[in-house]
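Using the sequences provided together with the hints, build the complete structure.
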Amino acid sequence: MNKLLIYIGVLSSIVLFSSCYNNKKDISTPTAKTLSGISFRDDIVPIVISGACGCHNNGQASNAIQFTHIDTIFYSTILARAGVFNDMASGKQHPGEGGVFFSPAQAAIIQTWFAQGAKDNYVPPAITGPVTYTTNIVPIYKSVCKGSACHGGLGATLDYAKMTADVSVISQMMASSGANGHPGGTLSLDGTTTATFLAWIAQGLPQ
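Residue numbers for the sequence shown follow the numbering used here, so the first one is 1 and each next one is one higher.
If you're looking for bench data, these hints aren't it; they were derived computationally from the structure.
Predicted, not measured: the structure shown is a model, and the values here were computed from it.
Glycine included, each C-beta is placed from N, C-alpha and C at the ideal position.
Fair warning: there could be bad hints in the mix.
[Stated by the list, open to error] Cβ pair distances, simulated, as ranges:
no.	residue 1	residue 2	range
1	HIS69	PRO125	21 to 27 Å
2	VAL123	ALA149	26 to 32 Å
3	HIS182	VAL123	19 to 25 Å
4	GLY185	ALA126	27 to 33 Å
5	SER50	SER168	38 to 44 Å
6	PRO183	ASP42	28 to 34 Å
7	GLY204	ALA156	37 to 43 Å
[Claimed, not checked] Straight-line Cα separation of at most 27 Å, DSSO-like style, residue types lysine-lysine; simulated pairs:
no.	residue 1	residue 2
8	LYS92	LYS119
9	LYS92	LYS146
10	LYS146	LYS119
11	LYS162	LYS142
12	LYS146	LYS162
13	LYS92	LYS142
14	LYS119	LYS142
In structure tokens form, the structure reads like this:
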């Protein structure tokens, strides 16, 4: 019985490891019509919550930034890494461990989406009520801005004092959805993120 449990555990580990680092199944070759109007939520998100990015979904690996948790999709977290996806689709290595790769059709969709501006097609409802640094901004910062190649890693760690000191930079970033203002280069920020930051700034940066 113990040997059986050990065997099942080892087999499960192999399957889990494979799901993190391989994507053998390709989607259909995209047509010119498909590539002319790629949707972030309909075309890009399904790619990065599938086998190619298995370690980033539902707690598969504790040290990987999570794109999903159970039925919740962290759209801002995914969108903020548009540049990383494009680099990988263009042949560069995965920033973390393992030989992660996109299939040819997935790579074509990601590269075209990035060339089109890496935009989110979702328009969020207007934000009502108070927006504070602790309640609203910190969760966005932890999921969107932090990472080994971002703030808290290669980039400076940000806190309330630093954000409020750089409010003019943040305003420019959010007003352009990340296209302008970011010292580290162009970002792709979703509408919920930008609307939350702009509401926080408009309300006087409450802590």
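Quick rundown of the hints versus the structure:
1. HIS69 <-> PRO125: 21 to 27 Å: 22 Å, holds
2. VAL123 <-> ALA149: 26 to 32 Å: 29 Å, holds
3. HIS182 <-> VAL123: 19 to 25 Å: 22 Å, holds
4. GLY185 <-> ALA126: 27 to 33 Å: Between GLY185 and ALA126, where Cβ atoms are some 29 Å apart, the hint holds.
5. SER50 <-> SER168: 38 to 44 Å: Given about 39 Å between the Cβ atoms, the range holds.
6. PRO183 <-> ASP42: 28 to 34 Å: 32 Å, holds
7. GLY204 <-> ALA156: 37 to 43 Å: With Cβ atoms ~24 Å apart, the hint is violated.
8. LYS92 <-> LYS119: 22 Å, holds
9. LYS92 <-> LYS146: Holds, at about 21 Å.
10. LYS146 <-> LYS119: With a Cα-Cα distance of about 20 Å, the restraint between LYS146 and LYS119 holds, given a limit of 27 Å.
11. LYS162 <-> LYS142: Measuring from Cα to Cα gives roughly 15 Å; hence the hint holds.
12. LYS146 <-> LYS162: Distance of about 15 Å is within 27 Å: holds.
13. LYS92 <-> LYS142: 25 Å, holds
14. LYS119 <-> LYS142: Given pair LYS119, LYS142 holds - Cα atoms ~21 Å apart, limit 27 Å.
Hint 7 from the earlier list is the only one contradicted by this structure; the remaining hints agree with it.
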